[in-house]
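Asks: Chain by chain, the residues run as shown.
There are 2 protein chains.
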Amino acid sequence: MSVTATARSAVDALVSALPAGVVVTDAVRVEKYRHDRFEDLAAGMPCAVVRAESTEQVQVALRWATEHRVPVVPRGAGTSLSGGATAVDGCLVLTLERMSGIRVDPDRRVAHVEPGALNISVKEAAAGHGLWYPPDPGSYRISTIGGNIATNAGGLCCVKYGVTADYVLGLDVVLADGRLLRLGGETMKDVAGLNLRQLFVGSEGTLGVVTGAVLRLVPQQGEVSTLVASFPDLVSAGTAVTRIGRTVRPAMLELMDRVSINAVEDHSPRGLDREAGALLIVQSDAPGRSRAEEIATVEALCEEAGATEVATTDDADEGLMFVDARRSAGDATEARGTLLAEDICVPVDRLPEVLAEISAIAVRHDLEIPVVAHAGDGNLHPGIVYPPGDAAARDRAWLAFDDLMALATTFGGTVTGEHGVGRTKTRGLAAQVGPDVLAVSHAIKATLDPLGLLNPGALLPRDPAEGS
Amino acid sequence: MSVTATARSAVDALVSALPAGVVVTDAVRVEKYRHDRFEDLAAGMPCAVVRAESTEQVQVALRWATEHRVPVVPRGAGTSLSGGATAVDGCLVLTLERMSGIRVDPDRRVAHVEPGALNISVKEAAAGHGLWYPPDPGSYRISTIGGNIATNAGGLCCVKYGVTADYVLGLDVVLADGRLLRLGGETMKDVAGLNLRQLFVGSEGTLGVVTGAVLRLVPQQGEVSTLVASFPDLVSAGTAVTRIGRTVRPAMLELMDRVSINAVEDHSPRGLDREAGALLIVQSDAPGRSRAEEIATVEALCEEAGATEVATTDDADEGLMFVDARRSAGDATEARGTLLAEDICVPVDRLPEVLAEISAIAVRHDLEIPVVAHAGDGNLHPGIVYPPGDAAARDRAWLAFDDLMALATTFGGTVTGEHGVGRTKTRGLAAQVGPDVLAVSHAIKATLDPLGLLNPGALLPRDPAEGS
Chain X
173 MSVTATARSA
183 VDALVSALPA
193 GVVVTDAVRV
203 EKYRHDRFED
213 LAAGMPCAVV
223 RAESTEQVQV
233 ALRWATEHRV
243 PVVPRGAGTS
253 LSGGATAVDG
263 CLVLTLERMS
273 GIRVDPDRRV
283 AHVEPGALNI
293 SVKEAAAGHG
303 LWYPPDPGSY
313 RISTIGGNIA
323 TNAGGLCCVK
333 YGVTADYVLG
343 LDVVLADGRL
353 LRLGGETMKD
363 VAGLNLRQLF
373 VGSEGTLGVV
383 TGAVLRLVPQ
393 QGEVSTLVAS
403 FPDLVSAGTA
413 VTRIGRTVRP
423 AMLELMDRVS
433 INAVEDHSPR
443 GLDREAGALL
453 IVQSDAPGRS
463 RAEEIATVEA
473 LCEEAGATEV
483 ATTDDADEGL
493 MFVDARRSAG
503 DATEARGTLL
513 AEDICVPVDR
523 LPEVLAEISA
533 IAVRHDLEIP
543 VVAHAGDGNL
553 HPGIVYPPGD
563 AAARDRAWLA
573 FDDLMALATT
583 FGGTVTGEHG
593 VGRTKTRGLA
603 AQVGPDVLAV
613 SHAIKATLDP
623 LGLLNPGALL
633 PRDPAEGS
Chain Y
173 MSVTATARSA
183 VDALVSALPA
193 GVVVTDAVRV
203 EKYRHDRFED
213 LAAGMPCAVV
223 RAESTEQVQV
233 ALRWATEHRV
243 PVVPRGAGTS
253 LSGGATAVDG
263 CLVLTLERMS
273 GIRVDPDRRV
283 AHVEPGALNI
293 SVKEAAAGHG
303 LWYPPDPGSY
313 RISTIGGNIA
323 TNAGGLCCVK
333 YGVTADYVLG
343 LDVVLADGRL
353 LRLGGETMKD
363 VAGLNLRQLF
373 VGSEGTLGVV
383 TGAVLRLVPQ
393 QGEVSTLVAS
403 FPDLVSAGTA
413 VTRIGRTVRP
423 AMLELMDRVS
433 INAVEDHSPR
443 GLDREAGALL
453 IVQSDAPGRS
463 RAEEIATVEA
473 LCEEAGATEV
483 ATTDDADEGL
493 MFVDARRSAG
503 DATEARGTLL
513 AEDICVPVDR
523 LPEVLAEISA
533 IAVRHDLEIP
543 VVAHAGDGNL
553 HPGIVYPPGD
563 AAARDRAWLA
573 FDDLMALATT
583 FGGTVTGEHG
593 VGRTKTRGLA
603 AQVGPDVLAV
613 SHAIKATLDP
623 LGLLNPGALL
633 PRDPAEGS
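Protein chains in written order, with our numbering: chain X, 173 to 640; chain Y, 173 to 640.
Next up, chain X with everything else stripped away, as it sits in the complex:
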């Protein structure tokens, strides 16, 4: 289905069909739209980039793509860690970054948001009305709502507040043939008809292009208290995670393993305990005095499980320091070399075993694999690091990447909890879900995008038989 060279005349027709400045064709500017954060060296060369300003322009672009059989790679801020927005040869890159409007309706507790709006901008707009948009992927300052919807992005607060899908009440989606579907709307509940809305959430631009969303807002989060606990080993930390999850609902329950603690300390020292086997960072946003009770409960559970040191604070800034230390693990890991970001998720009680297996995989392939985790959800981010330019290490890194996906599947988990399959995990997906689910997924894709033009190679293996 890939079109390696789209006739100049076809591109000229697209330029004519859209306002000046919307279609970008010069090589230098197109270059900026070839890669996402995965930085795939094999990224293809687009025939053009459409910087859409409206739903109508998206429809024009997709009708054009269908007419000329041009693959389309939709794109927000290009922060995908799994190659979900990597260009393919001859494609049209359709960027939604200019569609960034946000309108909050506080009485209805919703925000009408265009796909190019940044997550943080939605949070800020909501906060202006005393409301809150909870989803907070690590990229929340730089990623768009469209990308968040495309991947059903998670984050740190989803252990209590759920993922992006839980906040999507309405969606406008343009199909490959240019038809606009308006799904759901401003109601909190809606079971009228098939739940197409949730089918598009997390579909990584392979079924349609989201041009608008109605997002559910909730009252602003209150004050938070923070707890940091050091554990001698991963088993005791994992035990604490399981017990905490059975007992209370923390607003955050994060884990750093020893390798990630030391990566952070090497990169920008925070005074974390380099000797700890694991750290847990827990927040409570329970209201009033009950926050102190919840933190005390968590403290007792950590100590019971074998924590060697527990610190708590009600001070927001001090709490933020610990959360920032956790959030900085990504940068700290990237600073150590080239990064392959993993995102497996397993049943919560398997964390200790899975963390031990990750260490074994690191040893086996002679690599460094620091791990941070949204531990309360069993969602792990092992970051495979290798020296830039070291081809042998790069090969070992990819072997470790495959081993980690297999590990997740073996332990009843998933190859991706929140980053999306993108172009890096289609093999893992096939192994995880098996041939029947894959066949049905391909059939639904073919129903909505019969020419296979939308984000080809992402989410699903190109060949329906692959993995069967």
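None of these hints come from the bench; they were simulated from the model.
Yeah, the Cβ is synthetic: ideal placement off N, Cα and C, and Gly gets one too.
A hint or two may mislead.
As the list claims (entries may be wrong) - One-sided and incomplete, this derived list gives chain X residues near chain Y with beta-carbon spacing under 10 Å: (1) 225; (2) 240; (3) 292; (4) 351; (5) 358; (6) 361; (7) 421; (8) 588; (9) 631.
Claimed, not checked - List of simulated lysine-lysine pairs, BS3-like, C-alpha gap at most 30 Å: (10) 295/X to 204/X; (11) 295/Y to 332/Y; (12) 204/Y to 617/X; (13) 617/Y to 295/X; (14) 204/X to 617/X; (15) 617/Y to 204/Y.
Claimed, not checked - Chain Y stretches covered by chain X per the calculated footprint, using a threshold of three residues with CB under 8 Å from any CB of chain X: (16) 225 to 239; (17) 279 to 290; (18) 360 to 369; (19) 400 to 412; (20) 451 to 462; (21) 480 to 493; (22) 593 to 602.
Please arrange chain Y on chain X, whose structure you already have, making use of the hints.
Replies: Chain Y only, in chain X's frame:
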């Protein structure tokens, strides 16, 4: 696609293919499986009933149905209020009531549940481990998890805790051709591939038959406090609802209008204020002392909005009395005549206007329409009542039914918030979502069920062109 007479030999083949007692063919016993709570007089006559005991038996039944082109109506406890489980002529009724196993894994905070398990049984099993399965449709004592999943059932607590879909981590689904899909699993987050799981939730048995689910559990709800506020009119009550929703997250926010208050008092007196324009019943489950603070906030907001009387209680039994009064409105309404149950949902701030319009519709058609509402979600249950056997009143009731669906659509709402489209609301669905969404829904249905055998006539209009 409907098969009005299935050859005796085909039924004999089914009987032979399954263990003794699984296939029911005698007329008296089959009769019990023709209707659901909607009590459709036009319900069809099944050729047989399969009382499945296992996923494998469901597969056998569906392969048989595909081979012989027999429509299949899947069924849980038959509590549908919208005819979702009403038999069609010549169909096989596939009841899941005997598959009622429940296994709780407390460390993973999940329950593995067969579709015939009652909602209340899942709650009880979870409570045995200090855990909680929140969804609580009005039918929770008598409806099955399979039916709850088929309709994405809501309830009273979803204003804070979400709907059934929010708790479905994994699904086993048998397709019309007998293939078993295993979707999701025990992980809290999973974005691997298309979200087929959520496509099946709420699909009312039209895409496949759910034979197992992994449900997410949370720590047991703590103590609740209850507030009851009387308002002179619907506008002041609606204003309170909007303000409460912007400020706090109550665990319940229900409304009864004057007609429903009086229906309850007529049926089983509870000492409710018959003169009130509306009552709000609000619960807080905030932990510790903050519960009193949350109730005080709600009380102040009710008084600001014009409440004439506000009562609060921390006593669980006393609180339950008020909740029971609200829950009894269904029985009280049914006791007044034949009931057509409505289930529209609108943006929360439209409640006062919509309630006024409902009163106008009642007057216009000379009917009684008591209304209770999951007000915090904008989800209304107007209950259209008419004298049994009064054909003219019955006709007026159906006109009112259509008017209510049109009202929902006019106000940016949905024809069904939680009951499902079933067989009573397909016209309303078509008007609400429009021809493109309907066409795509039919296309997806055709992809998964190419012979159109699964629950024909439910959820989607039979004719793809209807409503366009």
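Asks: Given residue 361/X as an interface hint, is the shortest Cβ-Cβ distance to chain Y below 10 Å?
Replies: Constraint on residue 361/X satisfied, holds at 4 Å.
Asks: Quick check: do three or more residues in the stretch 279 to 290 of chain Y have a beta carbon closer than 8 Å to a beta carbon of chain X?
Replies: Coverage by chain X holds here, the residue count being 4 at a Cβ distance below 8 Å.
Asks: Let me know if the C-beta of residue 421/X comes in closer than 10 Å to any C-beta of chain Y, holds or violated.
Replies: Check passed: Cβ of residue 421/X comes within 6 Å of chain Y, closer than 10 Å.
Asks: Regarding the hint that residue 292/X lies at the interface with chain Y, is the smallest CB-CB distance below 10 Å?
Replies: violated (21 Å)
Asks: Does the stretch 225 to 239 of chain Y contain three or more residues whose Cβ lies closer than 8 Å to a Cβ of chain X?
Replies: Check failed, 0 qualifying residues.
Asks: Is it true that the CA of residue 295/X sits at most 30 Å from the CA of residue 204/X?
Replies: Holds, at roughly 27 Å.
Asks: Straight-line Cα separation of residue 204/Y and residue 617/X no greater than 30 Å?
Replies: Outside the cut-off at roughly 40 Å; violated.
Asks: For residue 617/Y and residue 295/X, compute the direct alpha-carbon distance and say whether it is at most 30 Å.
Replies: violated (37 Å)
Asks: Are residue 358/X and chain Y close enough, Cβ to Cβ, to be under 10 Å, as the hint says?
Replies: holds (4 Å)
Asks: Holds or violated: is the Cβ of residue 351/X closer than 10 Å to a Cβ in chain Y?
Replies: holds (5 Å)
Asks: Identify whether the interface hint at residue 240/X stands, where standing means a beta carbon of chain Y within less than 10 Å of its own.
Replies: violated (23 Å)
Asks: Compare the distance between the alpha carbons of residue 617/Y and residue 204/Y with 30 Å, and conclude whether the hinted pair is satisfied.
Replies: Between residue 617/Y and residue 204/Y the Cα gap is close to 29 Å, so the pair holds against 30 Å.
The earlier numbered hints that this structure contradicts are 1, 2, 3, 12, 13, 16, 19 and 21.
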